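All chains should be modelled from the sequences, with the hints used to inform the complete structure.
Residue numbers (this note's numbering), protein chains in the order written: chain P, 204 to 381; chain V, -4 to 376; chain E, 709 to 983.
Please note that a few of the clues may not be correct.
[What the hints assert, rightly or not] Simulated crosslink set (DSS-like; lysine-lysine; CA at most 27 Å straight-line):
1. E:721 x V:195
2. E:721 x V:243
3. V:240 x E:721
4. P:267 x P:309
5. P:267 x P:280
6. V:244 x E:721
7. V:200 x E:711
8. E:962 x E:949
9. P:280 x P:311
10. E:897 x E:886
11. E:710 x E:897
12. V:298 x P:267
13. V:195 x V:156
14. V:200 x E:721
15. V:42 x E:899
16. E:951 x E:919
Treat the hints as calculated values from the structure; they're not laboratory data. What you are looking at is a predicted structure, and each value in this text was computed from that prediction instead of being measured.
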Amino acid sequence: MSRKKFRISGSGGQGVITLGIILAEAAIQDGKLAVQSQSYGPEARGGASKCEVIISDEDIFYPKVIIPDILISMSQKAAEKYGDEIEENGIIIVDSSMVENFVNDKAKIYNLPITQLAREEFGSPLYANILMLGALVGITEVVSLDKMKEAIQIRLSRGYEINVRALERGYEEAKKIL
Amino acid sequence: MENKPRLIQGNRAVAEGAIAAGVNFFAGYPITPSTEIAEILAELLPKNGGKFIQMEDEIAGMAATIGASLTGKKAFTASSGPGISLKQENVGYAQITETPCVIVNVQRLGPSTGGPTLPSQGDIMQARWGSHGDGPIITLCPISVPECFSMTITAVNLSEKFRTPVYLMLDEVVGHMRERIVIPNKEDIEIVDRKRTDKKPGEYKPYAVEEGSKVPDFADFGQGYKWHVTGLIHDETGFPSNSTKEVKKLLDRLMTKFDDHLDEIIMYEELEIEDAETVIVAYGSVARSAISAVKRLREAGEKVGVFIPKTIWPFPEQRLREIAQGPCKRIISAEMNYGQLSLEIERIVVKYVDFDTALKSNGLIITPEELMDKVRGGNIL
Amino acid sequence: MKKELQHLFRMNKLPHIWCPGCGNGIVLRTIGQAIHESGIDIDRTVIVSGIGCSSRSTGYMNFDTVHTTHGRALAFATGIKISEPDLNVFVITGDGDATAIGGNHFIHAARRNIDLNVILFNNNIYGMTGGQYSPMTPQGDLATTSPYGNVENNFDIPKLAIAAGATYVGRSTTYHDKLLVSVIKEGIKNKGFSLTEAITMCPVSYGRKNKYGDGADMIVWQKENSVNIKAAEKLGADKVKGKYIIGELYNQSKPEYNDLYNNIISRLQREGGYC
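Dropping the structure here:
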């Protein structure tokens, strides 16, 4: 992997920024370079929240993502706002429990009922972001699961065990559909 | 042993850089997008025996910062557009009283309340001339998270060495993005303390300078020196003077304070300059776009380079003029405002090369594509 | 000047710049007297002032002194006191400096109960700029910017300070100079925000315009229009209406800002520092 651009989109409160920060942290701990940014104002369009991460083996200069290689879509609104913007042959991971009828011809789409899993198996939609992170690792292998656990340890002040279980569960769910 | 790499925000790197620089006082007021610096220092300073106070307004934040510096502390404040405007009178007070302090400005789009979360570089001229009258100022502009850390230390050191206020100018992009940093070990960090007087109380003249120096020695308050600090024009005893001779003497010294030390103050970075026919001049987050653009243009065989001033004031005039006198045929000044630093750059290079600007001020960072287009003669900006 | 006070002043900077009949010199002397009698370490004492006639005092006082920007003396002093809590910090300010342009700093310094000794010279006018009305110019009085009579209400400065959180508040006049010394001294003893309102006179820019006579007439006016708080309590509210109540008006201790903050530092250091 030389350079991958991620856009994580959802709505406020879903933890998309935390997801992005943990992703970037894992890359750093894996010896790669990473830049994470979040957008305000005209870049963050109405109700949709997004976070961007660039992971690379080489220096990253321009810190923003214009067209991502990998898009995560966790809400209907975010899907409508950002669903078209993807590199040719890119990857889109959709939380199918939150987004209906997602279509994009340019990319490979993975539908996973992430929030539903979070509710049913972890008792709260709050775990959706970490489940999604596990799914992202399962689909892209951008960093190892172990590095992701290390990043969770660094970034989340509590709930390490349950978050690691959520991570692994997301990973497993993704592997099922590959 | 090297420290473990971390992923941190630019604003956090500034706060941690301040602690590493020996800053032991912060007074400020919350304002987007600089607030994280205050929040983090509110946590870190008391743990390190320092003091943090949230003042009643921006003006008071600047005043308390100067007050703390008079007791010999390394004093620090951070703000953004509207707050920086409010601080200006006391920035001038720090200039004329030669009180070391660092002011971080995480720039947002102005004028007025403007765009609190929108990146901008619109305070570049304010940093130079924001307070009334002619006064000395040093202004630094980091482009990355590691530079936010290291240049905060540089800013504190320069403020101490030259007894001057120093601006550290971030923009919202650099302040809020997270990036990899390896914090250097304590023993590898150079710390500069202001020179204290070796004179006895009674012999001490607070604004007298030694032969060959333009920076007077300092006496911490509370040590028996009983000296007077005033924003009025003063002579070397520190007391007000109406003598035009003293006015000129003081202002001449202040306005030439850095002249013999430019090599210690001026920092810049350049890339692919040697044979470049077009050179982009960019600073802050725009410099990152410029580097991306230059790398891609070079891959396409185009002779393009980038010059990145890290010290904005005093501006690296000599080096930029040398570049303009070399193989370079065209210089493009790129910034997120309507052409503030471009005025300075144009003044320096216009005799030698074609001068052009790449300006954007809509709350979005200039992209590499926009700069590539500009280099190739397009006009999407 | 008394010999015992001379070391507290920069004798080579005197005589002062104030006009004939001005009361500021008297207030300045009482501050010196109070500092002398309180026995505080003058090498560890800082005096901070703002801008205006009274704020020129710092130039004459033989301490570490700061003549700051207009209205901001309390904010500078806050930085000094917090960064070095062992210093004794005095603030000299005027009615315009403290209650108009510096009004915000005034209420917040009082609210924090930070250990500052504030002596507010109230001469009811902006003297240095030539007689414009201040928040303390009595309603109806003339000033260059109230040529038809001032329509604005005044602050009651002690009440303002008490309401904001000051823990010591006193008031006296240049006529009652001994009382002024004792009020300032009590303020020094208080560990917290102490305010002394010193009623002084500006015959040139205020008295003349309002036909109050010269400095001597105005000091007599102070005598006739002030009632000591102890006497006032006996006389009742009606009889003291419109008069300055002088003496110790409020004295109630409360935890001081630096003590509270330093407790936090000690606690954090017990728990292990950051670096």
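Status of each hint after checking the structure:
Taking the CA atoms of residue 721 of chain E and residue 195 of chain V, the gap is about 21 Å. The hint holds against a cut of 27 Å. At most 27 Å may separate the alpha-carbon atoms for a hinted pair to count; residue 721 of chain E and residue 243 of chain V meet this at roughly 23 Å. For a cut-off of 27 Å, the pair hint linking residue 240 of chain V to residue 721 of chain E stands: about 20 Å separates their Cα positions. In summary, the hint linking residue 267 of chain P to residue 309 of chain P is supported, as the alpha carbons are separated by about 21 Å, within the 27 Å threshold.
Of the supplied pair hints, the one linking residue 267 of chain P and residue 280 of chain P holds, its CA atoms being roughly 21 Å apart against a limit of 27 Å. Proposed proximity of residue 244 of chain V and residue 721 of chain E is supported: the alpha carbons are some 22 Å apart, at most 27 Å. The straight-line distance between the Cα atoms of residue 200 of chain V and residue 711 of chain E is roughly 26 Å, inside the 27 Å bound, and the hint therefore holds. Under the criterion of a C-alpha separation no larger than 27 Å, the hint pairing residue 962 of chain E with residue 949 of chain E is inconsistent with the structure, at around 31 Å.
As the CA atoms of residue 280 of chain P and residue 311 of chain P are separated by approximately 20 Å, the hinted pair is consistent with the 27 Å bound. Of the supplied pair hints, the one linking residue 897 of chain E and residue 886 of chain E holds, its CA atoms being roughly 17 Å apart against a limit of 27 Å. Distance check on the hinted pair: residue 710 of chain E and residue 897 of chain E sit about 24 Å apart at the alpha-carbon level, within 27 Å; holds. The suggested pairing of residue 298 of chain V with residue 267 of chain P holds, with an alpha-carbon distance near 25 Å, which does not exceed 27 Å.
Distance restraint check for residue 195 of chain V and residue 156 of chain V: the Cα-Cα separation of roughly 21 Å lies within the 27 Å cut-off, and the hinted pair is therefore satisfied. Our distance criterion of 27 Å between C-alpha atoms is met by residue 200 of chain V and residue 721 of chain E, whose separation comes to about 15 Å. For the given pair, residue 42 of chain V sits about 25 Å from residue 899 of chain E by alpha-carbon distance, which is consistent with the 27 Å threshold. At roughly 19 Å between alpha-carbon atoms, residue 951 of chain E and residue 919 of chain E fall within 27 Å of each other, so this suggested pair holds.
Checked against the numbered hints above, the structure breaks only hint 8 and satisfies the rest.
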